[in-house]
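Asker: Here is what each chain is made of, one letter per residue.
2 protein chains.
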Amino acid sequence: MSPAFAAVDWGTSSFRLWLLDSTGAVLAERRSGDGLAKAAAEGFASVLSRHLDSVRSASDTPVVICGMAGSRQGWLEAPYVAVPARLDDILAGSVPVPGQGREVRILPGLAQRAADAPDVMRGEETQLAGVAPLFASGSHLVCMPGTHSKWVEASDGVIDSFATYITGELFALLSTHSILRHSVGEIPAAASPDSSAFRTSCAEALALGGDIGSALFRIRASSLLQEQDESAAASRLSGLLIGAEIASARRRPAADRPVILVASGALGLLYRAGLELAGSAVLSADADEAVRAGLLAAAKRLGWTRGTTG
Amino acid sequence: MSPAFAAVDWGTSSFRLWLLDSTGAVLAERRSGDGLAKAAAEGFASVLSRHLDSVRSASDTPVVICGMAGSRQGWLEAPYVAVPARLDDILAGSVPVPGQGREVRILPGLAQRAADAPDVMRGEETQLAGVAPLFASGSHLVCMPGTHSKWVEASDGVIDSFATYITGELFALLSTHSILRHSVGEIPAAASPDSSAFRTSCAEALALGGDIGSALFRIRASSLLQEQDESAAASRLSGLLIGAEIASARRRPAADRPVILVASGALGLLYRAGLELAGSAVLSADADEAVRAGLLAAAKRLGWTRGTTG
Numbered sequence: 001m002s003p004a005f006a007a008v009d010w011g012t013s014s015f016r017l018w019l020l021d022s023t024g025a026v027l028a029e030r031r032s033g034d035g036l037a038k039a040a041a042e043g044f045a046s047v048l049s050r051h052l053d054s055v056r057s058a059s060d061t062p063v064v065i066c067g068m069a070g071s072r073q074g075w076l077e078a079p080y081v082a083v084p085a086r087l088d089d090i091l092a093g094s095v096p097v098p099g100q101g102r103e104v105r106i107l108p109g110l111a112q113r114a115a116d117a118p119d120v121m122r123g124e125e126t127q128l129a130g131v132a133p134l135f136a137s138g139s140h141l142v143c144m145p146g147t148h149s150k151w152v153e154a155s156d157g158v159i160d161s162f163a164t165y166i167t168g169e170l171f172a173l174l175s176t177h178s179i180l181r182h183s184v185g186e187i188p189a190a191a192s193p194d195s196s197a198f199r200t201s202c203a204e205a206l207a208l209g210g211d212i213g214s215a216l217f218r219i220r221a222s223s224l225l226q227e228q229d230e231s232a233a234a235s236r237l238s239g240l241l242i243g244a245e246i247a248s249a250r251r252r253p254a255a256d257r258p259v260i261l262v263a264s265g266a267l268g269l270l271y272r273a274g275l276e277l278a279g280s281a282v283l284s285a286d287a288d289e290a291v292r293a294g295l296l297a298a299a300k301r302l303g304w305t306r307g308t309t310g
Numbered sequence: 311m312s313p314a315f316a317a318v319d320w321g322t323s324s325f326r327l328w329l330l331d332s333t334g335a336v337l338a339e340r341r342s343g344d345g346l347a348k349a350a351a352e353g354f355a356s357v358l359s360r361h362l363d364s365v366r367s368a369s370d371t372p373v374v375i376c377g378m379a380g381s382r383q384g385w386l387e388a389p390y391v392a393v394p395a396r397l398d399d400i401l402a403g404s405v406p407v408p409g410q411g412r413e414v415r416i417l418p419g420l421a422q423r424a425a426d427a428p429d430v431m432r433g434e435e436t437q438l439a440g441v442a443p444l445f446a447s448g449s450h451l452v453c454m455p456g457t458h459s460k461w462v463e464a465s466d467g468v469i470d471s472f473a474t475y476i477t478g479e480l481f482a483l484l485s486t487h488s489i490l491r492h493s494v495g496e497i498p499a500a501a502s503p504d505s506s507a508f509r510t511s512c513a514e515a516l517a518l519g520g521d522i523g524s525a526l527f528r529i530r531a532s533s534l535l536q537e538q539d540e541s542a543a544a545s546r547l548s549g550l551l552i553g554a555e556i557a558s559a560r561r562r563p564a565a566d567r568p569v570i571l572v573a574s575g576a577l578g579l580l581y582r583a584g585l586e587l588a589g590s591a592v593l594s595a596d597a598d599e600a601v602r603a604g605l606l607a608a609a610k611r612l613g614w615t616r617g618t619t620g
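As they're listed, the protein sequences go chains A and B.
Quick note: the numbering used here has the first sequence finishing at residue 310, numbered continuously throughout.
Quick note: the numbering used here has the second sequence finishing at residue 620, numbered continuously throughout.
For the record, the hints were derived by calculation from the structure and aren't laboratory data.
Keep in mind the model is a prediction, meaning the values are calculated, not measured.
Just so you know, not all the hints are guaranteed correct.
[As the list claims (entries may be wrong)] Okay, the calculated beta carbon distance ranges per label pair:
{"id": "1", "chain 1": "B", "residue 1": "A392", "chain 2": "A", "residue 2": "G138", "range": "51 to 59 Å"}
{"id": "2", "chain 1": "A", "residue 1": "S32", "chain 2": "B", "residue 2": "A424", "range": "44 to 52 Å"}
{"id": "3", "chain 1": "A", "residue 1": "Q73", "chain 2": "B", "residue 2": "A517", "range": "27 to 35 Å"}
{"id": "4", "chain 1": "B", "residue 1": "G519", "chain 2": "A", "residue 2": "S32", "range": "53 to 61 Å"}
{"id": "5", "chain 1": "B", "residue 1": "G519", "chain 2": "A", "residue 2": "V158", "range": "51 to 59 Å"}
{"id": "6", "chain 1": "A", "residue 1": "A58", "chain 2": "B", "residue 2": "S506", "range": "55 to 63 Å"}
{"id": "7", "chain 1": "A", "residue 1": "E230", "chain 2": "B", "residue 2": "K610", "range": "39 to 47 Å"}
{"id": "8", "chain 1": "B", "residue 1": "S323", "chain 2": "A", "residue 2": "A41", "range": "28 to 36 Å"}
{"id": "9", "chain 1": "A", "residue 1": "E230", "chain 2": "B", "residue 2": "H487", "range": "52 to 60 Å"}
{"id": "10", "chain 1": "A", "residue 1": "A190", "chain 2": "B", "residue 2": "G353", "range": "34 to 42 Å"}
{"id": "11", "chain 1": "A", "residue 1": "R251", "chain 2": "B", "residue 2": "S506", "range": "49 to 57 Å"}
[Stated by the list, open to error] So these bits of chain A aren't anywhere near chain B, every CB distance computed over 12 Å:
{"id": "12", "residue": "E29"}
{"id": "13", "residue": "E42"}
{"id": "14", "residue": "A58"}
{"id": "15", "residue": "L225"}
[What the hints assert, rightly or not] Selected chain A positions facing chain B (in silico; Cβ < 10 Å):
{"id": "16", "residue": "R72"}
{"id": "17", "residue": "Y80"}
{"id": "18", "residue": "V120"}
{"id": "19", "residue": "L170"}
{"id": "20", "residue": "S195"}
{"id": "21", "residue": "S196"}
{"id": "22", "residue": "Q226"}
From the three backbone atoms N, C-alpha and C, an ideal C-beta is built for every residue, glycine too.
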């Protein structure tokens, strides 16, 4: 079947493109490090063309984009949609990029404008659109782990509120730049969700209600006093940070409901383990599939999946 | 009066030397960035000689040193004294550095070997010795803010336990390397303890019981959505981190007692403001004077203040 459109998840540090048919089946895929920083130097249009050419896309295949490309520092600002918001408000808010010789649209992010809890997301709202059936009715808590994890409250298909935890960024900073770098080694080992170091530390953070302020330095002290190895130190750091995030997020509304976990790969397994340690029931969805499904929903709404293009 | 000895506080990134008479009066002072990293390259003996020469010290003036110079990565390891410990255990544990043509002694640090709460300090124990009269009897909580803040429980002159918070390091990492660097500006403004941004954020962190997980990213979101200026963003980061540290530390034993705050300059004022917001009574001591007083106590114990040398 011929491509109906190209779907792009364009983040700060990564660029992912899929050629999809009108049912959402993947015909081709590209992943690269051409995120915002690199694209700003080369030019967004040029980066996009290069990747479209590399998958031999037709010159008139339309493109729908989500992520930081729609930020003020990105290609073209797609103004935030304010919460509470229906998923359709997001899909309806795409902004056309002019002068591309084909249809190119960028989806908006979400903004929470509450004076005491301002927050923003760009990219995760499209994953939410992709898992819409999971929270179409009832009250739900969605966990989307990453560099900047998002926790979302949704009820009856409406996104009510959300919060961001910079957990992934903290792990990277602490393991490469802080005193803890001496403990975790030059290339920190990936934590295993089954390891005792991860599970014990995650449970400790949960028991402390997320108060890991003095537990972080204990990782360093354990290396000095207790001959802790580097892999255990890295797993402990991961367990403490993920446990603290979950402990904090479980104070949010709807925290007693099953958590919809939208994640991929190793990180998803760590969060699943952490959520289960916290006593949460977990429904898992794959983040890659979710973002493609969200971009497909946007393409459908734009009328690109009726075989009229590509 | 002639110098009785030289006192040195030798940390990871700083080197401070005082020539003191037998009463502890300062006859000369040197401050430099010749901390562990630089001293390891030049040689510890050479750095020390250079600074002693620059204050025209006599060649036989004895030297007492505290801080990271006594760590395994330092000049000569001065093995940790384990808590619970009397201050005299620390002063009695100094290790002679051989072959210096004069007496050179390094004071030990403290180790907490409890399996579930390992911790270490090097340098702050000497400040504690310097403020010993403040906690000679009764139960006390001592706060020593810094890159790695130490909170110490002491009763009747015995150091019972302590905990480390890497608050200063977190502030530096978050303001220079994280997403928040876009909000606080290239050189973050120093927070004022009277500013509304600092006080509101510190109070928020205290009210949250230290759970600032999602409050950190709100600093970024406020820049995007609420036109927050860079100085306010930096003050908020400072307020959140200090408030979270105090909220956590107030869960420790003796937290209902007046807090002995051992600090200098601007940081001391911020912690005093935070402690007062938390409802703690505060007794302040100057950290520079404390470390000199601790080194003087060590020199006295070594018999260097009887006019026999210098």
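Asker: Does each hint hold? Answer for all of them.
Answerer: Verification of the supplied hints:
1. The supplied range of 51 to 59 Å is met by A392 of chain B and G138 of chain A, whose beta-carbon atoms lie about 55 Å from each other.
2. Between S32 of chain A and A424 of chain B the beta carbons are some 49 Å apart, a value that agrees with the proposed interval 44 to 52 Å.
3. Separation of Q73 of chain A from A517 of chain B is about 33 Å and conforms to the stated range, judged on CB atoms against 27 to 35 Å.
4. Separation of G519 of chain B from S32 of chain A is about 43 Å and departs from the stated range, judged on CB atoms against 53 to 61 Å.
5. Between G519 of chain B and V158 of chain A the CB atoms are about 30 Å apart, so this pair departs from the stated range of 51 to 59 Å.
6. About 57 Å separates the C-beta atoms of A58 of chain A and S506 of chain B, a value consistent with the hinted range of 55 to 63 Å.
7. A hinted range of 39 to 47 Å holds for the C-beta pair E230 of chain A and K610 of chain B, which are about 43 Å apart.
8. The given range of 28 to 36 Å is respected by S323 of chain B and A41 of chain A, whose C-beta atoms sit roughly 35 Å from each other.
9. Distance hint for E230 of chain A and H487 of chain B: a CB-CB separation of about 22 Å, inconsistent with the stated range 52 to 60 Å.
10. Hint check: A190 of chain A to G353 of chain B, Cβ distance near 40 Å, so the stated range 34 to 42 Å holds.
11. Distance hint check for R251 of chain A and S506 of chain B: the Cβ-Cβ separation is about 26 Å, which falls outside the suggested range of 49 to 57 Å.
12. For E29 of chain A, the condition that its CB be more than 12 Å from all CB atoms of chain B holds, with the nearest at approximately 28 Å.
13. For E42 of chain A, the condition that its CB be more than 12 Å from all CB atoms of chain B holds, with the nearest at approximately 22 Å.
14. Remark: the non-interface label on A58 of chain A is consistent with the geometry, its nearest Cβ contact in chain B lying 37 Å away (cut-off 12 Å).
15. Residue placement check: L225 of chain A does not keep its beta carbon more than 12 Å from all beta carbons of chain B (closest about 5 Å).
16. About 8 Å separates the beta-carbon of R72 of chain A from the nearest beta-carbon of chain B, less than 10 Å, and the hint is met.
17. Contact between Y80 of chain A and chain B, as hinted, is supported at the beta carbon level, the nearest pair being about 8 Å apart and thus within 10 Å.
18. Satisfaction of the interface hint for V120 of chain A is found here, the shortest Cβ-Cβ separation to chain B being roughly 5 Å, below the 10 Å cut-off.
19. Taken as an interface hint, L170 of chain A checks out: its beta carbon lies about 8 Å from the nearest beta carbon of chain B, inside 10 Å.
20. Because the closest C-beta pair between S195 of chain A and chain B is about 18 Å apart, greater than 10 Å, the hint is violated.
21. A least Cβ separation of about 14 Å between S196 of chain A and chain B goes past the 10 Å threshold, and the interface hint is therefore violated.
22. Given the 10 Å rule on beta carbons, the hint for Q226 of chain A holds: about 6 Å separates it from the nearest Cβ of chain B.
Of the numbered hints given earlier, the model fails hints 4, 5, 9, 11, 15, 20, 21; all others are met.
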